[in-house]
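Asker: Now for the letters of each chain:
Protein chains: 2
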Amino acid sequence: MKLLEEKILKEGKVLKGDILKIDGFLNHQMDVDFLDKLAKEIYENFKNRGINKILTVESSGIGLACLTARFFHCKVLAAKKSRSLNISENVYHSTAFSFTHKKENTIVVSKEYLSQDDVVLIVDDFLASGNACLALIDIARQAGATIAGVSCAVEKTYQGGRKALEDLGLTVVSLAKIGEMKDGKIDFID
Amino acid sequence: MKLLEEKILKEGKVLKGDILKIDGFLNHQMDVDFLDKLAKEIYENFKNRGINKILTVESSGIGLACLTARFFHCKVLAAKKSRSLNISENVYHSTAFSFTHKKENTIVVSKEYLSQDDVVLIVDDFLASGNACLALIDIARQAGATIAGVSCAVEKTYQGGRKALEDLGLTVVSLAKIGEMKDGKIDFID
Numbered sequence: 061m062k063l064l065e066e067k068i069l070k071e072g073k074v075l076k077g078d079i080l081k082i083d084g085f086l087n088h089q090m091d092v093d094f095l096d097k098l099a100k101e102i103y104e105n106f107k108n109r110g111i112n113k114i115l116t117v118e119s120s121g122i123g124l125a126c127l128t129a130r131f132f133h134c135k136v137l138a139a140k141k142s143r144s145l146n147i148s149e150n151v152y153h154s155t156a157f158s159f160t161h162k163k164e165n166t167i168v169v170s171k172e173y174l175s176q177d178d179v180v181l182i183v184d185d186f187l188a189s190g191n192a193c194l195a196l197i198d199i200a201r202q203a204g205a206t207i208a209g210v211s212c213a214v215e216k217t218y219q220g221g222r223k224a225l226e227d228l229g230l231t232v233v234s235l236a237k238i239g240e241m242k243d244g245k246i247d248f249i250d
Numbered sequence: 061m062k063l064l065e066e067k068i069l070k071e072g073k074v075l076k077g078d079i080l081k082i083d084g085f086l087n088h089q090m091d092v093d094f095l096d097k098l099a100k101e102i103y104e105n106f107k108n109r110g111i112n113k114i115l116t117v118e119s120s121g122i123g124l125a126c127l128t129a130r131f132f133h134c135k136v137l138a139a140k141k142s143r144s145l146n147i148s149e150n151v152y153h154s155t156a157f158s159f160t161h162k163k164e165n166t167i168v169v170s171k172e173y174l175s176q177d178d179v180v181l182i183v184d185d186f187l188a189s190g191n192a193c194l195a196l197i198d199i200a201r202q203a204g205a206t207i208a209g210v211s212c213a214v215e216k217t218y219q220g221g222r223k224a225l226e227d228l229g230l231t232v233v234s235l236a237k238i239g240e241m242k243d244g245k246i247d248f249i250d
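Here the protein sequences line up with chains U and G, keeping their order.
Going by the numbering used here, the first residue of the first sequence is number 61, and it counts up by one from there.
Going by the numbering used here, the first residue of the second sequence is number 61, and it counts up by one from there.
So here's chain U without its partners, still in its complex pose (with noise of 0.2 Å):
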């Protein structure tokens, strides 16, 4: 998507240890309305796929993840990280290494919110190891979901998620693919 990768390039910043810095208007600050023409987008791409529901993990995915819904008229729902060791029994749970926080994390979903009659897109900000996907697969696979596929604003092509996700049988959608980051210069491939 052209828009994103102009707006990457003009906002962006190549932190030390491969870190896109686009948190002015990704997911700490979020600039609502170009995330809109994003989640328009998204929409786009999965509108006839029968999709009732959003599936993504708190908390940086949950702004573009509220704004898509609205063009489903569906519901989200985001996977919270679970602070205890103690999970309940109403709650799917699944694990993800975080690459970010160098921890793993457990992610729960209530059980309420989350069965075979569902048919989620799985929406994120970022797509990298596809950790967290993998973990958001799991908790809809435990609850006998259908997947309908997986969309991210921005994917780090070398990391390898897309091919995890895809060896799933997984549809995935990144809005701009990011080939490579080299002395602070970002490179996009189709």
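Errors might be hidden in some of the hints.
Any copy, or any two copies together, can satisfy a pair, since identical chains are not distinguished.
Claimed, not checked - Computed list of lysine to any residue pairs in SDA-like fashion (alpha-carbon distance at most 20 Å, straight line):
1) K81 with L69
2) K141 with S158
3) K171 with D91
4) K70 with E172
5) K171 with L75
6) K81 with N108
7) K100 with Q202
8) K81 with E172
9) K100 with C134
10) K62 with S148
11) K237 with F94
12) K70 with Y173
13) K107 with Q202
14) K107 with T231
Calculated from the structure, these hints are not laboratory results.
Everything numeric in this text was worked out from a predicted model, so none of it was measured.
Add chain G to chain U, keeping to what the hints say.
Answerer: Just chain G now, kept in the frame of chain U:
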């Protein structure tokens, strides 16, 4: 707001420890079409105040904040709960005691995204003791920003938050005001 009161009576449950469980539409699962109506109501209350930014705190306020920002055509800034004690010089920070999690949270906002040029509306899901809002106000004041007011979906009127905020001279608009929760019954006040 009658619509929200009816939704709470229909879907809400009162749990032990003065907990109103409405996470099926407000924050864990988000009924986006419904929240969009709350967002419009918040907008109607504050539309003439020159607001250019909505300030909230992760993660349960983000959905409502983003939907509200769509009406204002403004940005959302979501304060982060800091996981580390090393607070960088590049952030404003404050602390809020969370009764839900029984602990002190440090919340942070990047200095890049808040300044004296901003006129902010604080948006959150719940107003109870007001601690989260007070921390956001502290941060907005550190930045020299103007605070146009505070708006929350659900207020527990008996926990003192409104008084603390109004004592600071702030306009507080909550969409449903709970006067009492007793024996599983929820009473609203006008």
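Asker: Run every hint past the structure and note whether it holds.
Answerer: Quick rundown of the hints versus the structure:
Within a single copy, K81 and L69 get their C-alpha atoms as close as 11 Å, which meets the 20 Å cut-off; across copies the closest is 43 Å, which misses it. In this homomeric assembly, K141 and S158 come within 20 Å of each other (Cα to Cα) both inside a single copy, at 11 Å, and across copies, at 16 Å. In the homo-oligomer, the alpha carbons of K171 and D91 lie at most 20 Å apart only across protomers (16 Å), although the nearest pairing inside one protomer, at 32 Å, exceeds that limit. Only between protomers do K70 and E172 lie at most 20 Å apart by alpha-carbon distance; the minimum there is 16 Å, versus 43 Å within a single protomer.
Taking CA atoms no more than 20 Å apart as the test, K171 paired with L75 passes between copies only; the shortest distance there is 17 Å, against 39 Å inside one copy. Neither within a single protomer nor between protomers do K81 and N108 lie at most 20 Å apart by alpha-carbon distance, with minima of 33 Å and 33 Å respectively. Taking the closest pair of Cα atoms, K100 and Q202 never come within 20 Å of each other, the shortest separation being 29 Å inside a single copy and 36 Å across copies. For the identical chains of this complex, K81 and E172 are inter-copy neighbours only, at 12 Å across copies versus 36 Å inside a copy, given an alpha-carbon limit of 20 Å.
Taking identical chains as interchangeable, the C-alpha atoms of K100 and C134 lie at most 20 Å apart whether they share a chain (14 Å) or sit on different chains (18 Å). Proximity of K62 and S148 under a CA criterion of 20 Å is satisfied in neither setting, with 44 Å inside one chain copy and 34 Å between copies. For the identical chains of this complex, K237 and F94 are intra-copy neighbours only, at 18 Å inside a copy versus 33 Å across copies, given an alpha-carbon limit of 20 Å. Proximity of K70 to Y173 under the C-alpha cut-off of 20 Å is restricted to the inter-copy arrangement: shortest distance 16 Å between copies versus 39 Å within a copy.
Taking the shortest Cα distances, K107 and Q202 never come within 20 Å of each other, neither inside one copy (25 Å) nor across copies (44 Å). Proximity of K107 and T231 under a CA criterion of 20 Å is satisfied intra-copy only: 13 Å inside one chain copy versus 41 Å between copies.
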